[in-house]
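Could you slot chain B onto chain A? The hints should help.
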Amino acid sequence: MLKFTAEHEWLKLEGDVATVGITQHAADQLGDLVFVELPEVGAELVKDGNAATVESVKAASDVYSPLDGEVTEVNQAIVDDPSLVNSDPQGAAWFFKLKLKNVSDVEGLMDEAAYKDLIG
Amino acid sequence: MDDQAALRTTPLHALHISLGAKMVPFAGYDMPVQYPLGVMKEHLHTRAEAGLFDVSHMGQVIVKAKSGEYADAALALEKLVPVDILGLKEGRQRYGFFTDANGGILDDLMITNRGDHLLVVVNAACKDQDVAHMKANLADCDVTLLEDRALIALQGPRAQAVLAELWAGVSGMKFMDVREVPLHDVPCIISRSGYSGEDGFEISVPEAHAVEVAKALLEHPDCEPIGLGARDSLRLEAGLCLYGNDIDTTTSPIEASLEWALQKARKAGGDREGGFPGAERILGELANGTTRRRVGLKPEGKAPVRSHAKLFADAEGKTELGEVTSGTFGPSVEGPVAMGYLPISHTDAGTQVYAEVRGKYLPMTVTALPFITPTYKR
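Read top to bottom, the protein sequences are chains A and B.
Residue numbering for the first sequence follows the numbering used here, beginning at 1 and increasing consecutively.
Residue numbering for the second sequence follows the numbering used here, beginning at 1001 and increasing consecutively.
Derived from the structure by calculation, the hints contain no laboratory data.
Please note that a few of the clues may not be correct.
[Said to hold, decoys possible] Calculated from the model, a selection of chain A residues having no Cβ within reach of chain B, i.e. all distances over 10 Å:
1. HIS25
2. ALA43
3. SER56
4. GLU70
5. ALA77
6. GLY91
7. LYS99
8. VAL106
9. GLU107
10. GLY108
[To be verified] Listed below are several chain A residues computed to face chain B (Cβ distance under 10 Å; list not exhaustive):
11. THR53
12. GLU55
13. ALA59
Owing to the predicted nature of the structure, the values given are computational and were not obtained by experimental measurement.
The beta carbon of each residue, even a glycine, is placed where N, CA and C say it ideally should be.
Here chain B stands alone, though its shape is the one from the complex:
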């Protein structure tokens, strides 16, 4: 009971309760894991129509150079992130991560060019450390965690139609565009992005208006509230990493198969080659390869194979290869899905490995990610 009292709540907390949500603690917040529809139906609904997710627990951080110039803020943040932020156009967003001196990952995040400042969205569990990290290292910038904004994700093939009820101009946005737009007369920052593998939007709303905007979106017959349970199965089917599971300080971005997130400018021969923590290891791995890689894994049977299950080369469990980092049942795939790290010798699609589950060695096949076909509107 004391634990419950210490949990934080988002601006949509009362709304979740009123919608019949089953609440659970997550990253220090009391969050909906599912609604009466249940995880399976919420997952399938999101891929068929539109799902609304409360992700207000995540950190929304403004990074503004004391000079007021975007370029200064961008160059400062580039000291912490191996991504081209200077070249990011206004009104565009990019995926990135904070790296550490060992080339491991401290958190993954989204970075937006907001004209005269950067908007950085980080994971809830790492929020405080990320803000401290930025404050300590971005000396000529003001780093502000926004404590008065909610974040709502609207995902699915009908997300555009749902949002169009509040803003007709939505069809003009393409994947990773960011616009500041009034919804219901409330100024919101909307990005065409998400964590589901579907087309969709992430909407930053002032907390005082979060409930009315959420309710307005939920009024659309195609839109249902979706909990964290389905959020996890959706992202796993889409091959997306969960910080703390698939990526952490022991995984480099190259081992994590995230080299696509690094632009030419930051790589060997680029205008701003290196200059981020762990550059020696990361650029070295780009040149020479890694010893292991994150891959998709499809169990051959029906049993889910979950994170921390050990992976072996043989059905007797003699040669240990690595570990599953995420695993669940994929409702759209109609079977279990997982991700894990394997030595390069075993990362070709079609390779068979074995996972230890309850004393048995279950066959799994290395499978290209994602498990479903994403529908991003590029």
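Isolated chain A (complex conformation):
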């Protein structure tokens, strides 16, 4: 199941673990990324709380957690090569995996059609 947030994150649910990243739209808006800071494995994140930081040449931006959960894995590939976020934001350039506090929280997020409407 693929869901989206108004802050331009995507979430892919498999069981009770969600993989989270930023959308193509967000990556395009940010421009060339030069730095990514990911949360620590084991960190407790809250819905809409700060999860990660990305920097383009010009400025830093926050990436938020779409839901409450515990970080189980982070993607070192995007730390080593931030440009991966620009080339494959919704695939290989996932940010972190989250063991959700309440899987049912996912119902409250936007589906793809609703996100596409949002970005126009």
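The following block gives chain B in isolation, referenced to the frame of chain A:
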């Protein structure tokens, strides 16, 4: 939306839109921050080939003595700038700055001897204040802001080759020469100078012909349009100051490590020693040193450290030393670069300091400027 309506545009505005530029407000103008290539590729292209920049938002000001004599205009402007303008030869340009009574910097600028007058190019954000400052203080001169000229910068190792298509004589110019030359039958004022650390030219064009000259230059396969985003990363790698960030009214030229811009004639013992605002402090600092200096800073990790980040002597953030004044990612250096002010005790190359970024103290090393090797054709 009201803000957008109030933004000014340069003569190349429609051209930027047609080239797919992402526009942002800058110093009251709607300017291109990047084109479809993106900031990284635009920066790298400029150092590899040739980049074309619209800098028409900057102020181009004519200072002409009522007597018509260059010397009178030069001596008048020397009352505001701690630089040798009288000794500047015709067809030559020099870097300078307006100082204030406290020895701080009001703006930095380029001054050209145009024979019977001076051409002064100032920053866009300070344009109006600079013109008022000159009008108020240069009583025997006419000070005219040119409102009908564009300014195009062409920078990079292939800049000469690109410009040569329009003017074969370009190879005769050396760094800081200024010539009046027809490009495409349009009379232009060209200086061999720029803000990138690369060889290049700054071309003043009558606004009615700005688009055709820009397009003619862009026709060359090596020439790409470059936005303000890359302009900033290029100048930072080159160790060049940005007024408002690295220099302002709280920084003296000596603290800013710009003492090289002052010629002997204006220093202690010189023919025209002092005679500019803040001379007591500035000449005092030349004699006795300053308490702090602008230095290059290289973050040890990958995280950019940006302006206003506080600098500390220790990794725990106990002893505050100063502040970062400019910081970004340097595509040519392949890592973050920054500049800031540190106390003299901490300005030797190799000194380690710590910058506070998002609650962490990131190690930075004091590094000699520039971060890249400039390629000026001296």
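Here is how each hint holds up against the structure:
The Cβ of A/HIS25 lies farther than 10 Å from every Cβ of chain B, with a closest approach of about 14 Å, so its non-interface assignment holds. In this structure A/ALA43 is separated from chain B by more than 10 Å, as the shortest Cβ-Cβ distance comes to about 14 Å. Separation of A/SER56 from chain B is inadequate, the least Cβ-Cβ distance of about 7 Å not exceeding the 10 Å criterion. Every beta carbon of chain B lies more than 10 Å from that of A/GLU70, the smallest distance being close to 21 Å; the non-interface claim holds.
With a least CB separation of 14 Å from chain B, A/ALA77 remains clear of the 10 Å interface cut-off, as annotated. Remark: the non-interface label on A/GLY91 is consistent with the geometry, its nearest Cβ contact in chain B lying 20 Å away (cut-off 10 Å). At roughly 25 Å, the least C-beta separation between A/LYS99 and chain B is larger than 10 Å, which holds for a residue marked as non-interface. Remark: the non-interface label on A/VAL106 is consistent with the geometry, its nearest Cβ contact in chain B lying 29 Å away (cut-off 10 Å).
With a cut of 10 Å on Cβ distances, A/GLU107 stays outside the contact zone with chain B, its closest approach being about 33 Å. Look at A/GLY108: its CB is around 29 Å from the nearest CB on chain B, clear of 10 Å, so calling it non-interface holds up. The interface hint given for A/THR53 holds, since its Cβ lies 7 Å from the closest Cβ of chain B, which is under the 10 Å cut-off. Restraint check, A/GLU55 versus chain B: the minimum CB separation of about 5 Å is within 10 Å; hint holds.
For the restraint placing A/ALA59 at the interface with chain B, the shortest Cβ-Cβ distance is roughly 8 Å, inside the 10 Å limit, so the hint holds.
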